[in-house]
Amino acid sequence: MARKLRVWVDQQLCVGNAMCEAIASHTFRLNEKRQSEAVDPEGDIEENILEAAENCPVSAIFVEDAETGERLFP
Amino acid sequence: MAAPVPNDMFTPDVIADPYSYYGRLREHDPVHWNEKYELWAVTRFDDLVWLTRNHELFSSAVFKNDPRPAYPAIDESDLGLYEYVKNYQADQFIQHDRPEHLEMRRVMHSYFTPRQMEAWRPFVKDAVKELLDAAEEKGEMDIMRDLATPLPVMVIAQMMGVPASERGHVRELAEKLLYIGRGEYDRMKPLTEGMRGMIDYVSPLVDERLTNPGDDFISVLASGEKKGVFTRHEVLVNTSLLLLAGHETTINLICNGALAFLQHPDQWALLKTDPGGLAKSATEECLRYDSPVKSIQRIATQDVEMRGKVLRKADRVRWFISSANRDPDAFPNPTAFDITRHPNQHVAFGSGTHHCLGATLARVEGQEVIKALAERFPNLHAKSEDLEYQPSITFRSLKSLPVNLH
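Residue numbers (the numbering used here), protein chains in the order written: chain A, 1 to 74; chain P, 1 to 406.
Everything labelled a hint here was simulated from the structure, so no lab data went into it.
Please read all numbers here as calculations on a predicted model, not as lab measurements.
Some hints could be false.
[What the hints assert, rightly or not] Straight-line Cα separation of at most 20 Å, SDA-like style, residue types lysine to any residue; simulated pairs:
(1) A/K33 - P/W50
(2) P/K399 - P/P150
(3) P/K280 - A/S59
(4) P/K280 - A/D10
(5) A/K33 - P/H55
(6) P/K280 - A/V58
(7) A/K33 - P/D47
(8) A/K33 - P/G350
[Said to hold, decoys possible] To list a few chain A residues with every Cβ distance to chain P over 12 Å, as calculated:
(9) R3
(10) K4
(11) L5
(12) R6
(13) W8
(14) E21
(15) H26
(16) R29
(17) V39
(18) D40
(19) G43
(20) E54
(21) A66
(22) E70
(23) R71
[What the hints assert, rightly or not] Output of the computed footprint for chain A on chain P, the stretches with three or more beta carbons under 8 Å from beta carbons of chain A:
(24) 102 to 109
(25) 113 to 126
(26) 355 to 361
Beta carbons are placed, not taken as given, at the ideal position from N, Cα and C, and that holds for glycine.
Please take these sequences and the hints and turn them into a complete structure.
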């Protein structure tokens, strides 16, 4: 079983580069302000979610293990 | 009714002080039709963010989609060279829209992640030290010539995997490529020399990296050719783009940033109390206060209404970073240079899908320079009060910045 993740995007930092949406399209979606929101932390496999976080040009994506609270990114 | 705004953006007073002119536009006519250059000037922060985030409405394929002549005007006998420049520029990934832009950017994106760029910090630090050691012996330097111009080339040449013995050649080519942002009547000759020189220099390197890939940037682009995302011409042009984009912009961050400190002794004194701790927020404020890139152009893909004006399909639309970053609706006390400003969500790197690919690298270079200057040369002061800027609408670029170190 894949572990559950807590994923969020800091709206103060997000510049709407949308690379996260391209890499993990079920987890991240642009809102009406064209900023990314994590709409479903189980939308994509963990590897893709972490790749999306890694590729955010302004490091606006945060990922934690939902049960242990362990920070997985950054 | 406000007095009509003069329409020449290249007059010496607007080049010397873009803030008054674009500030007037921002206040009185934020979506302004410039008759002389046939373009819309968009100057408010909110509008700029909206425009850059709605990339479907504003094409970045400017060279492909803009049928109008070069501006400012060029020598008529250089029109053939201008065609060459247009075809060259059109192959840059930044001159594409989705879906091609995304596909091309993805080839390069993983090379430029914040973590990957952070790994270059020790190299940047050493390069800054090498340049400042050389300056220290003389007791003086021209920040433009001796620090801001060579530093980014040292970094990019290393990223390209260029041997040290060939850096001088790359630097000469890089300096010719800088003519893209200038206004000289005869700028096409040096510019095309730089472009052709880049193609001649980089092409054999691509062949070599296709056979023996390494962890350098040319290998990354060559992998895009292998995957069928890039043509050979696109690989060559985008290598050249990296050299240019990482060069002109960083030059201006360093020079304009240093100048801001020279002109604000209180902020210089504050920085010196904790150079390591303040370098990060100081770099952000330098990026906001006197932004390296003044403006960028798009082409409307359809009729778009903005603030009661109708921008027609195929119209030129220019958005002004220098004005948006001083918009009082976005930044309290916007004309103050305040290195502790927080929050500081400036748009010096643009926004949206075309947000600067090299933003983290620029930040690392800016931070290391600011920190090193404050630590090593606490008495740094300007040699002259006369400042001259390149006649460019795109870049906020000083011609030189001579300083005494002690």
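#### Entry: Hint numbers contradicted by this structure
The structure conflicts with hints 14 and 20, although it agrees with all the remaining ones.
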